[in-house]
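> For what it's worth, my numbering labels the leading residue of the sequence shown as 1, then goes sequentially.
Just to be clear, a hint being listed does not mean it is correct.
[To be verified] Straight line, CA to CA, 27 Å or less: simulated DSS-like cross-link-like pairs of lysine-lysine: (1) LYS135 x LYS158; (2) LYS172 x LYS135; (3) LYS122 x LYS86; (4) LYS158 x LYS122; (5) LYS65 x LYS122; (6) LYS65 x LYS172; (7) LYS158 x LYS86; (8) LYS65 x LYS86.
[As the list claims (entries may be wrong)] Now the in silico label distances, taken between C-beta atoms and shown as ranges: (9) GLU156 x VAL13: 23 to 33 Å; (10) ASN16 x SER133: 40 to 50 Å; (11) GLY18 x LYS122: 38 to 48 Å; (12) ARG5 x ASN138: 32 to 42 Å; (13) TRP185 x ALA89: 21 to 31 Å; (14) ARG8 x ILE35: 14 to 24 Å; (15) ASP159 x SER25: 45 to 55 Å; (16) VAL179 x GLU43: 42 to 52 Å; (17) VAL13 x ASN138: 20 to 30 Å; (18) ASN103 x SER25: 40 to 50 Å; (19) GLU74 x ARG8: 15 to 25 Å; (20) PHE190 x LEU30: 12 to 22 Å; (21) ASN103 x PHE12: 39 to 49 Å.
No lab work stands behind these hints: they were computed from the structure.
None of these values were measured; they are calculated from a predicted model.
Where is the CB? At the ideal position from N, CA and C, for every residue including glycine.
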Amino acid sequence: GEVARSGRTVLFVSHNMGAIQQLCSTAILLMRGRIVQQGDVAEVIGGYLAQGITNEVCFEDAPIKSASIQQVDESLEITAVYEHRKPLAHPSLGFVVSDYLGNPVFGANPSVHSADYAGEPKQSGQIRVMVTSPKLLNGHYRLSLWFGDGAEDFFEAKDCITFEIVNMVSIKQLPPAEVGAVAPWCSWSFT
């Protein structure tokens, strides 16, 4: 920042959207060595994120075989298919949803919510998580996943899915960069 303010040109190359937003006055998006987009930092970041949107990911040689996230009306549904070398008494899928800059918005795992696994230990299965709150504002988000047995993590995939939220809330939406990524539910009274 100091070097740039002194009048010199600095070329900053990164996949860290937060750093790019803070440090840069213009941005260039490259794909296979060619310029795809150039100009306003926020617009170029949006273009970069839109290219990576996928609601599902598959993994090879990992205990999580596939994972997905879907917007279902005003909720999010996270699904993961697992297969482990030994039966698990408490299969545990943890997650963190981050905003487009990589800042954590919220996260959870079965231990935090005291979720009770009532089945017999299994080597494989499917875990489904319904997230009904908080409500996310329109925009691009990232999902990171952890999988283990509640005591130890066997798997970690940071920012493995980039997804888009569209009209999860029915209120007038201000830009998340100005007000944050979630919509608060408020009750107003005037006297």
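> Next step is simple, just say for each hint if it's right about the structure.
Hints, one by one, checked against the model:
no.: 1; hint: LYS135 x LYS158; in the structure: holds, 22 Å
no.: 2; hint: LYS172 x LYS135; in the structure: holds, 13 Å
no.: 3; hint: LYS122 x LYS86; in the structure: holds, 8 Å
no.: 4; hint: LYS158 x LYS122; in the structure: holds, 25 Å
no.: 5; hint: LYS65 x LYS122; in the structure: holds, 15 Å
no.: 6; hint: LYS65 x LYS172; in the structure: violated, 39 Å
no.: 7; hint: LYS158 x LYS86; in the structure: holds, 24 Å
no.: 8; hint: LYS65 x LYS86; in the structure: holds, 15 Å
no.: 9; hint: GLU156 x VAL13: 23 to 33 Å; in the structure: holds, 25 Å
no.: 10; hint: ASN16 x SER133: 40 to 50 Å; in the structure: violated, 29 Å
no.: 11; hint: GLY18 x LYS122: 38 to 48 Å; in the structure: holds, 39 Å
no.: 12; hint: ARG5 x ASN138: 32 to 42 Å; in the structure: holds, 34 Å
no.: 13; hint: TRP185 x ALA89: 21 to 31 Å; in the structure: violated, 37 Å
no.: 14; hint: ARG8 x ILE35: 14 to 24 Å; in the structure: holds, 22 Å
no.: 15; hint: ASP159 x SER25: 45 to 55 Å; in the structure: violated, 25 Å
no.: 16; hint: VAL179 x GLU43: 42 to 52 Å; in the structure: violated, 19 Å
no.: 17; hint: VAL13 x ASN138: 20 to 30 Å; in the structure: holds, 29 Å
no.: 18; hint: ASN103 x SER25: 40 to 50 Å; in the structure: violated, 21 Å
no.: 19; hint: GLU74 x ARG8: 15 to 25 Å; in the structure: violated, 49 Å
no.: 20; hint: PHE190 x LEU30: 12 to 22 Å; in the structure: violated, 52 Å
no.: 21; hint: ASN103 x PHE12: 39 to 49 Å; in the structure: violated, 19 Å
Hint compliance for this structure: hints 6, 10, 13, 15, 16, 18, 19, 20 and 21 are broken, all remaining hints hold.
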